[in-house]
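Chemist: Spelled out from the first residue to the last, the chains are:
Number of protein chains: 2
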Amino acid sequence: MAKKRNAFYAQSGGVTAVINASACGVIETARKHKDRIGKLYAGRNGILGALEEDLIDTSKESAAAIAALRYTPSGAFGSARYKLKSLEQNRAEYERLIEVFKAHDIGYFFYNGGGDSADTCLKVSQLSSAMGYPLQAIHVPKTVDNDLPITDCCPGFGSVAKYVATSIREAGFDVESMAKTSTKVFVLEVMGRHAGWITAACGLASEAAGEAPHILLFPEIPFDQDKFIAKVDATVKRAGFCVIGVSEGLQTADGKFLSDAGLRDAFGHAQLGGVAPVIANLVKEKLKLKYHWAVADYLQRAARHIASKTDVAQAYAVGKAAVELALKGHNAVMPAIVRKSNKPYKWSVGTADLAKVANVEKKMPRDFITADGFHITAKCRTYLGPLIQGEDYPPFRNGLPRYVRLKNVAVPKKLGTPFKL
Amino acid sequence: MAKKRNAFYAQSGGVTAVINASACGVIETARKHKDRIGKLYAGRNGILGALEEDLIDTSKESAAAIAALRYTPSGAFGSARYKLKSLEQNRAEYERLIEVFKAHDIGYFFYNGGGDSADTCLKVSQLSSAMGYPLQAIHVPKTVDNDLPITDCCPGFGSVAKYVATSIREAGFDVESMAKTSTKVFVLEVMGRHAGWITAACGLASEAAGEAPHILLFPEIPFDQDKFIAKVDATVKRAGFCVIGVSEGLQTADGKFLSDAGLRDAFGHAQLGGVAPVIANLVKEKLKLKYHWAVADYLQRAARHIASKTDVAQAYAVGKAAVELALKGHNAVMPAIVRKSNKPYKWSVGTADLAKVANVEKKMPRDFITADGFHITAKCRTYLGPLIQGEDYPPFRNGLPRYVRLKNVAVPKKLGTPFKL
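Top to bottom, those sequences are chains A and B. The opening position of the first sequence corresponds to residue 22 in the numbering used here, with each subsequent residue numbered one higher. The opening position of the second sequence corresponds to residue 22 in the numbering used here, with each subsequent residue numbered one higher.
None of these hints come from the bench; they were simulated from the model. Watch out, some of these pointers could steer you wrong.
Put simply, identical chains are the same to the list, so a pair is met inside one copy or across any two.
Stated by the list, open to error - Below are the EDC-like pairs computed for lysine to aspartate or glutamate, each with C-alpha atoms no more than 20 Å apart in a straight line:
hint, residue 1, residue 2
1, Lys60, Glu73
2, Lys305, Asp75
3, Lys201, Glu73
4, Lys428, Glu228
5, Lys330, Glu120
6, Lys305, Asp281
7, Lys311, Asp281
8, Lys201, Asp137
9, Lys428, Glu232
10, Lys123, Asp374
11, Lys248, Glu306
12, Lys201, Asp75
13, Lys330, Glu412
14, Lys311, Asp388
15, Lys400, Glu228
16, Lys349, Asp393
17, Lys81, Glu109
18, Lys441, Asp75
19, Lys377, Asp254
20, Lys60, Glu412
21, Lys309, Asp254
22, Lys435, Glu73
23, Lys435, Glu412
24, Lys106, Glu73
25, Lys60, Asp388
Just chain A, same shape as in the assembly (with noise of 0.2 Å):
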C-alpha cells in the first residue's frame, strides 16, 4: 500500500467566484482519503506560501466552513500574481519549493491557476524528479479568461459569462426604454485582455433579433473607427438605441491598446485603464450622441451571487478530480472538462497532459465571430450557451451574501529559513 503523504494546495493568479469551489472540491476529496492523504495545507497566498514556508493548515477547518467555500468567491487563502522564473533564471525558487515540501512530507501538490500556474506546475514536477523527491504534481484549472487549451471550458469564465450577459440584457432593457430623450448609445467594458471570450458571452443576452446588445469589440478583431462609427450609426436609426459590449483588451491594427488612448488629467498626467470611456467618446464626438458606459472590472469575477450553476459543478468537480488523478498515481496532468453533447449539454471530466497545456492561449476562432467582426455566430451560441446554465445562489444574511472566512491557522514552521522573494 502507497505510504501517506501530506498535500499541498495553493490559487494562483486572478480570482474567480467559484476557484473557491475547486478548494471544497480538494479539500473535502482529500478528508475522504485519510488513509492515503495525511494534512492538506494551503499555500497562504498561493505559491508564496511554499516559499515562504507559510502554510495553512486546512484540517483546523470545520467540515461547514469548507463547504461554504463551495458559495464563497475569491481565494480563502489568498492568491498571488507571482509568475515563476524559468529553471536556467531561478532554479533557487524551484529547488526552495522541494525543500519546503520535503520539510513537510508533502507529496502531493496541487496547484489552482491557469497558464501560467500549469507551466510552473510542470516545472515543479520535473524538477522534483530530477532531484529524485517523489511528488506528484496536478494542475487545477482556473481562468475567466476560458483560453486554456484541450479543457472544453475553463472554471470561472461561465460565472463571468452569465454575470456580463445578465448585466448587458438589464442595462439593454434600461436604455431602450429611456432612448427617446435621454442615453442612445450604452457601453459595457468586460475582461479579457487577449481573448474574447467574456465579450462573446455578452452577446448571449441578444437572443432574437435587435435585441441588445448590438455591437461587440473583441481583442482579436482589430477596431476599424469608420466601420464601428457606421456601425452604431445605423443601428441607432434603426433600433432607437445602441448597446456595446467591449474588451478591455480593443486594439488597433498596429496593436496599440485602446485604453492607452492617451487620456490625460488636468495635471497632463496619463490615465490608466477603461476602453469604455474612450469608445464613449468617440461616438459622442462622431456622433453627437448621449452615452453612458460601465466597467465592470472586479465585480464581474467575484459576482458570486449570480454564478453559473453548471461553472460551479465544474470548479467543484476538478478539485475532486484533481485529487483523485494523484490517487491513481497521475503526475503532471490537469482534470479537463469534455464536452460529450451539447442537447442535452452533457459533460464529464478528462485528462490533458500538462506539457501540452502550459503556455498555450486558446482564442475565438473566427467562426464564433461573425464576417463583420461585430457579433457571434450561432457556432459560439451552441458552444457558450450551456457554461451558463443554472443558478446557484449563495446563502444570505440581513440582504447581504453570507461569505465565509476561514481561520487560516498557520503550520509550524520546520526549516526556519527564510527566502526572499
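Go by the hints and put chain B onto chain A.
Modeler: Frame of chain A, contents of chain B only:
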C-alpha cells in the same frame, strides 16, 4: 355611484429595477375595479405619450404579461427625461395634456417618478381643477436616489442598495485575497449625484470591523484630498488593502464635481464622467499603490436579478395604493412608505400631500455619516438595513433572466392634432 372613467399611467425619469413592479400594482389593481376604471392607458415614453397622444392600451396585455412586469427591470412603456416647464412658461403643454385626457375620457392620472414628476403631477391636478376638468392626479414614488421627502424610502432604492452592497462585498473579498502581490486599492463608483444614499448602502457590506468597504466618499461631504489620502494610506498599512465606494456626485469644497476634473483624450477632447478613475489615479500618484476601479452605472439600477424583496413589495404596494387612493376620491397625493418598526421591520402605506413632496430633496442626515465623514453610523445601518432584506429572483431561461416585452398596442388617436414638444 361614481361614473366609470379611463385612467392614464406614465413612467418618468431614470428607470429602476422595480418601477415596472409599480406598473404591475397599478394595472392589476385597476383590473380589479372595472366597475370604476374603464381602460388603463399608458404613455408611450412617459409623459410624451400624453402630449403626443401616443397612448398604449394595456388591456391588450395578458394577465401573465402584466404579472411578469413585477420581475422585469426598466420602463415597460418607455420613460422620459422630460420636465414640463412652469405653468407660466408653457401653459400650452399642460392644456394639451388636459385636452388629450378629455378626448380619451381619462379621469385618473397616475404618474410614476421622482421629485420633478411629483411637481408636474401637482400642477396637472391644479390646472385641471382651474379648467373645470375633473381629474384625480396621483403620484407613484420612484427613484434610486431615495431623495423624496415624507416617504420613509423610495421604491427603486432598496434594490440598488442591495446591488451595490453585494457587489462591493464581493469585490472586497477579491481584492483582499490578491492584495499581497496585486491590487491594493479598489474604487467603485455609484450613482446619487446630489444625495449619498447609494454610497451609504455600500457601507452595509462592512458588518464587522475591517471589512470592505473601508472608505465612503459622499456628495454631502466636500472632498478633502489630504485627509482622504492619509486615510487610504493608514488603511492599506493596517489591513493590506483598501476598498472605496464613491458617489458620482463627489465635490470639492468649492462645489466642483471631481468627475469634471479635466480629463482629456489624446486630441484634447474633454472626457466626461467617471469619478472612480480620478480617485484611483490620485491614489496612484500620491501613494504609488496598484489600483483597479469599476463604474457600475446603469448596471446598478437595472440589476433586477439581485433586487431587494422588500423593495419589490413596496414598489408593488405603492402602485396598488395609488389606484385605491384614486378610487377613494383622493387627488394630488402620493402613497408613501411608513416605517412602523425596525426589529422586526414593519411598514405600511400612508398618504402624502403632493404639495409637500414636490421639489424637496432629502439628503443624508449628518448623523448618518461618521464624524470623519468616511463611513456610515449605526443609526444609518438601522435605517438602511431593512431596505435590502430578502431576495426576489426573476425566472431564468437559457441561463438568463426571462424579462417580459409587452405588445404596447397603440390606442387610436381621437384628436389627430400633432403637438410640437
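Chemist: Now, for every hint given, state plainly whether the structure supports it.
Modeler: Now the hints, each set against the structure:
1. In this assembly of identical chains, the alpha carbons of Lys60 and Glu73 lie at most 20 Å apart only when taken from the same copy (19 Å versus 74 Å across copies).
2. Proximity of Lys305 to Asp75 under the C-alpha cut-off of 20 Å is found in neither arrangement, the shortest distances being 52 Å within a copy and 30 Å between copies.
3. For a Cα distance limit of 20 Å, the shortest separation of Lys201 from Glu73 across copies, 13 Å, qualifies, whereas the shortest one inside one copy, 60 Å, does not.
4. For a Cα distance limit of 20 Å, the shortest separation of Lys428 from Glu228 across copies, 18 Å, qualifies, whereas the shortest one inside one copy, 45 Å, does not.
5. Taking the closest pair of Cα atoms, Lys330 and Glu120 never come within 20 Å of each other, the shortest separation being 40 Å inside a single copy and 54 Å across copies.
6. Taking the shortest Cα distances, Lys305 and Asp281 sit within 20 Å of each other both inside one copy (19 Å) and across copies (16 Å).
7. Taking the shortest alpha-carbon separations for Lys311 and Asp281, only the inter-copy value of 17 Å comes in at or below 20 Å, while the best intra-copy value is 23 Å.
8. In the homo-oligomer, the alpha carbons of Lys201 and Asp137 lie at most 20 Å apart only across protomers (18 Å), although the nearest pairing inside one protomer, at 48 Å, exceeds that limit.
9. Taking the shortest alpha-carbon separations for Lys428 and Glu232, only the inter-copy value of 15 Å comes in at or below 20 Å, while the best intra-copy value is 47 Å.
10. In this homomeric assembly, Lys123 and Asp374 never come within 20 Å of each other (Cα to Cα): the closest approach is 25 Å inside a single copy and 77 Å across copies.
11. In this assembly of identical chains, the alpha carbons of Lys248 and Glu306 lie at most 20 Å apart only when taken from the same copy (15 Å versus 37 Å across copies).
12. Taking identical chains as interchangeable, the C-alpha atoms of Lys201 and Asp75 lie at most 20 Å apart only when they sit on different chains, with a minimum of 13 Å there against 59 Å within one chain.
13. Within a single copy, Lys330 and Glu412 get their C-alpha atoms as close as 5 Å, and across copies as close as 18 Å, so both meet the 20 Å cut-off.
14. In this assembly of identical chains, Lys311 and Asp388 lie within 20 Å of each other by CA distance neither inside one copy nor across copies; the values are 33 Å within and 37 Å between.
15. For the identical chains of this complex, Lys400 and Glu228 are intra-copy neighbours only, at 14 Å inside a copy versus 46 Å across copies, given an alpha-carbon limit of 20 Å.
16. In this assembly of identical chains, Lys349 and Asp393 lie within 20 Å of each other by CA distance neither inside one copy nor across copies; the values are 49 Å within and 59 Å between.
17. Proximity of Lys81 to Glu109 under the C-alpha cut-off of 20 Å is found in neither arrangement, the shortest distances being 38 Å within a copy and 74 Å between copies.
18. In this assembly of identical chains, the alpha carbons of Lys441 and Asp75 lie at most 20 Å apart only when taken from the same copy (13 Å versus 73 Å across copies).
19. In this assembly of identical chains, the alpha carbons of Lys377 and Asp254 never lie at most 20 Å apart, being 45 Å within a copy and 44 Å across copies at closest.
20. In the homo-oligomer, the alpha carbons of Lys60 and Glu412 never lie at most 20 Å apart, since the shortest distance is 33 Å inside one protomer and 39 Å across protomers.
21. Taking CA atoms no more than 20 Å apart as the test, Lys309 paired with Asp254 passes inside one copy only; the shortest distance there is 10 Å, against 41 Å between copies.
22. With identical chains, the CA atoms of Lys435 and Glu73 are at most 20 Å apart within one copy only, with a shortest distance of 11 Å there and 81 Å across copies.
23. Taking the closest pair of Cα atoms, Lys435 and Glu412 never come within 20 Å of each other, the shortest separation being 44 Å inside a single copy and 48 Å across copies.
24. In the homo-oligomer, the alpha carbons of Lys106 and Glu73 lie at most 20 Å apart inside one protomer (16 Å), although the nearest pairing across protomers, at 69 Å, exceeds that limit.
25. Within a single copy, Lys60 and Asp388 get their C-alpha atoms no closer than 47 Å, and across copies no closer than 51 Å, so neither meets the 20 Å cut-off.
Checked against the numbered hints given earlier, the structure breaks hints 2, 5, 10, 14, 16, 17, 19, 20, 23, 25 and satisfies all the rest.
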